[in-house]
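2 protein chains.
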Amino acid sequence: MSKHSSIDSFRDLRPAAANGLYDRRAFLKGGTAFATAIGGYTLSETLNAQSLVDDPWSASAGTPTGPYEARSRFENSVVRTMTNPNGEPRSQQSRTPHHMLDGTFTPNGLHFVISRSGPPDIDPDQHRLAIHGLVKQPLIFTLDSLMRYPMVSRMAFVECGGNSAPMWSPEPLDANVQALHGLVSSAEWSGVMLSTLLEEAGIEPSAKWLIAEGSDSLALHRSVPLSKALDDAMIAMYQNGERLMPGNGYPMRLLLPGWEGNMNVKWLRRIELVDQPAMSIYEARTYAPILPGGKAYQFYFLQEVKSFITHPSPGLLLSDHGFYEISGIAYSANGRISKVMVSADGGESWAEAELQAPVLPKAFTRFRIPWQWDGGPAVLQSRAWDEAGYVQPTRSEIVAARGEASRVPNVNGFPSQHYNGPTSWQVNQTGEVKHVYA
Amino acid sequence: MSKHSSIDSFRDLRPAAANGLYDRRAFLKGGTAFATAIGGYTLSETLNAQSLVDDPWSASAGTPTGPYEARSRFENSVVRTMTNPNGEPRSQQSRTPHHMLDGTFTPNGLHFVISRSGPPDIDPDQHRLAIHGLVKQPLIFTLDSLMRYPMVSRMAFVECGGNSAPMWSPEPLDANVQALHGLVSSAEWSGVMLSTLLEEAGIEPSAKWLIAEGSDSLALHRSVPLSKALDDAMIAMYQNGERLMPGNGYPMRLLLPGWEGNMNVKWLRRIELVDQPAMSIYEARTYAPILPGGKAYQFYFLQEVKSFITHPSPGLLLSDHGFYEISGIAYSANGRISKVMVSADGGESWAEAELQAPVLPKAFTRFRIPWQWDGGPAVLQSRAWDEAGYVQPTRSEIVAARGEASRVPNVNGFPSQHYNGPTSWQVNQTGEVKHVYA
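Sequences listed follow chains A and B, in order.
The opening residue of the first sequence carries number 33 in this note's numbering; numbering runs sequentially from there.
The opening residue of the second sequence carries number 33 in this note's numbering; numbering runs sequentially from there.
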């Protein structure tokens with residue numbers, strides 16, 4: 033089979049930005065524009081007689097896939113990277129491999145997990161959810177009783193406040209998108225609106241917050257303003273169509289769309305309405321890093337607008353010059369993504385990416401843009417806007433506001449959090465991709 | 033814990049249809065309407081001191097969830113039902129348990145599968161897709177080369193032409209929704225538009241059809257009109273964010289949104305452009321049942337508008353009188369679902385269900401409606417409309433057009449296909465649900 037190259041075959045199309053970025057609409061539906069652009073056969077090879085010979089796996093019958101289907105053995109390397117895999121008595125993190133996925137949400141086996149004392153092995157028939165405190169009528173729910181309530185389904189991302197923390201490093205890192213941004217995932221959650229249950233219990237006028245508590249062994253708990261609880265908070269029981277994964281709170285969790293992951297309390301067993309926050313360790317210390325001026329970054333719950341490129345990214349080798357699609361993920365706690373701009377020259381020039389429809393609020397939005405790599409150096413970046421008008425800050429802006437991890441260490445030894453600046457990938461002439469600051 | 037009952041607590045709300053159906057908007061956002069409706073605590077129980085005692089699983093640390101997370105052991109009964117589980121040399125079917133799922137698509141482990149000779153164990157690095165026949169330039173693609181093309185993601189249902197075939201039975205069946213309708217599922221598929229590849233190859237004017245062929249051992253192949261190939265056909269490589277499941281065509285399949293499942297050729301290895309259909313066994317015989325007038329139901333590809341109720345349904349016991357949510361699934365090859373009507377009295381009166389947003393074309397739409405079960409007999413039905421103006425026929429209408437399986441057997445012994453009439457569930461006074469004709 034012969035292989036053709038056509039580095040300059042985009043010449044008939046108008047560039048949208050420097051260094052090979054093309055108009056996002058050029059190839060939307062495929063068609064002649066793309067055929068013209070790649071000059072007929074840039075990426076494919078010509079067919080010959082050998083191409084139509086049977087492969088070995090076509091020679092005999094295959095194997096049934098079982099009552100609950102497992103993925104192909106050839107996908108075994110698509111996994112979460114884990115800290116503390118043996119479950120020693122400290123936190124454990126599992127990071128989503130965004131560079132090996134596509135589409136607009138995260139499959140359940142690969143959703144990120146942080147657990148502080150390991151996911152408990154809960155019998156769903158024995159589990160109870162209590163609502164008490166400043167309510168007119170304290171209530172307790174079984175999973176079966178919750179299943180009778182009006183339900184809703186929605187896509188929503190969940191992101192750890194510490195996701196992207198390596199980006200506070202003063203020097204770029206030998207790290208891929210999974211290591212840098214693997215503590216965010218998105219899924220369709222189905223369950224009962226928390227407002228339904230709170231209205232049934234009856235809210236006392238003095239109630240301003242709630243304390244949500246899990247049934248993990250350290251009873252992780254966080255304070256949530258009542259306004260969020262009555263807005264879009266959900267008691268989620270299903271994740272992507274089936275019951276929650278153990279690491280994501282089986283059999284029920286609190287979902288606070290767009291808010292700091294740690295507050296989306298898993299293995300939820302208790303909601304107590306109170307008149308002030310509990311000042312739990314997570315809100316008073318863990319997720320309250322010290323800012324350069326000496327104040328704490330406390331009670332800031334939103335995971336603000338952010339984006340990163342997943343393809344190409346470190347670990348994905350560009351095998352040849354020519355056409356590639358640049359794609360990535362954008363999301364915001366403030367609603368829908370309204371625009372993503374992409375640069376191939378380290379931020380000198382920008383072109384608007386296509387957003388995969390439907391664009392949903394507080395959920396992953398996949399962006400895509402055509403790119404012709406000429407074999408020279410390139411630095412790829414993305415920058416997202418949301419419908420509330422927010423935009424990702426530059427790295428220098430956010431570092432000025434919060435400090436870098438090594439220069440301004442948190443008093444508790446934790447790095448800073450809530451990084452939502454851009455991520456830069458440098459493509460070198462051999463097609464390797466690495467993390468840089470640009 | 034005391035339990036409260038409030039059978040008549042819906043009295044403050046206006047009924048939308050007879051036998052307990054309420055307005056779909058009544059409880060959309062929870063709030064006071066629902067609290068009023070259920071009289072304070074119909075479904076929940078009151079809290080006492082015992083409610084806040086630790087459960088045994090809270091007493092010690094849990095177990096990390098692993099690099100690719102598995103679901104809870106308490107979910108082991110949520111499985112596909114399988115014919116021919118040992119893979120004897122005939123077809124094998126795995127049916128989706130819709131009554132145990134919620135949300136708007138099917139998780140990968142539970143997507144239905146029909147395979148004629150078992151899923152092959154394909155090495156994705158060795159697999160090739162050829163496009164040849166009436167093209168200007170025959171082409172061959174690796175998975176890696178396809179990954180460089182412009183990609184799209186979309187939700188789409190896939191349904192076997194034989195799904196719901198038991199509904200042709202002249203007598204109702206002792207069967208649940210999985211047995212009756214388990215050969216349809218929905219997922220987000222990501223891949224390359226087939227039109228992109230065909231335009232690159234260059235279509236000869238004489239080409240009117242294509243033959244798509246799989247690399248399974250019997251090389252399953254189907255003819256597809258070129259108009260569909262250039263409309264919304266996709267070479268799908270990702271299913272719900274990760275690579276395709278083995279049973280769904282790993283590493284690539286043809287996706288023809290809304291069209292007969294068998295045509296969505298899995299393990300796709302070859303697309304040949306031709307000037308007339310191949311008359312393969314599946315189009316000439318298997319999916320060409322004989323109609324009452326003696327003609328064959330052939331080359332009819334659309335899976336037309338359909339809906340069924342998943343909750344309540346057989347196997348889900350109604351444990352008590354009072355509030356339940358009725359929910360189910362609707363879909364159509366002709367675009368978006370525009371309306372679903374639900375009856376609780378066997379089709380005498382109807383109320384409009386709420387459609388879970390976003391409503392997407394050729395994908396599952398979850399519908400929901402509030403229902404107060406007074407403990408008396410009820411027959412639940414749904415009926416869907418699509419944006420093209422089609423509506424599910426009544427059972428008598430479709431039986432008149434196609435015949436019942438036992439009275440008009442297909443010459444090949446197959447039952448009739450493409451049933452899209454309504455499904456009726458009878459609730460008896462003990463809360464058991466069974467299939468009836470009504």
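Check each hint, because a few of them may be wrong.
Just so you know, same-sequence chains aren't split out, so a pair can sit in one copy or run between any two.
[Unchecked claim] Result set (SDA-like, lysine to any residue): computed pairs, CA atoms no more than 25 angstroms apart in a straight line:
#1 168 to 86
#2 260 to 57
#3 466 to 211
#4 240 to 78
#5 371 to 389
#6 168 to 333
Hints in this document: simulated from the structure, not taken from any laboratory.
Is the C-alpha distance from residue 168 to residue 333 at most 25 angstroms within one copy, between copies, in both cases, or in neither?
-> neither (28 angstroms within a copy, 58 angstroms between copies)
From the Cα coordinates, with 25 angstroms as the cut-off, is the pair residue 260 and residue 57 best called within, between, both, or neither?
Result: close only across copies, 22 angstroms inter versus 38 angstroms intra.
25 angstroms Cα cut-off: does residue 466 pair with residue 211 within a copy, between copies, both or neither? within (12 angstroms within a copy, 51 angstroms between copies)
Homo-oligomer pair classification [residue 86, residue 168; C-alpha up to 25 angstroms]:
between (71 angstroms within a copy, 24 angstroms between copies)
| Intra- versus inter-copy proximity for residue 389 and residue 371 (alpha-carbon distance at most 25 angstroms) | Both ways: residue 371 and residue 389 sit 12 angstroms apart in one copy and 22 angstroms across, limit 25 angstroms.
Using 25 angstroms as the alpha carbon limit, work out where residue 240 and residue 78 are close: within a copy, between copies, both or neither.
This pair counts as between: shortest inter-copy Cα distance 22 angstroms, intra-copy 68 angstroms.
In summary, the one numbered hint that this structure violates is 6.
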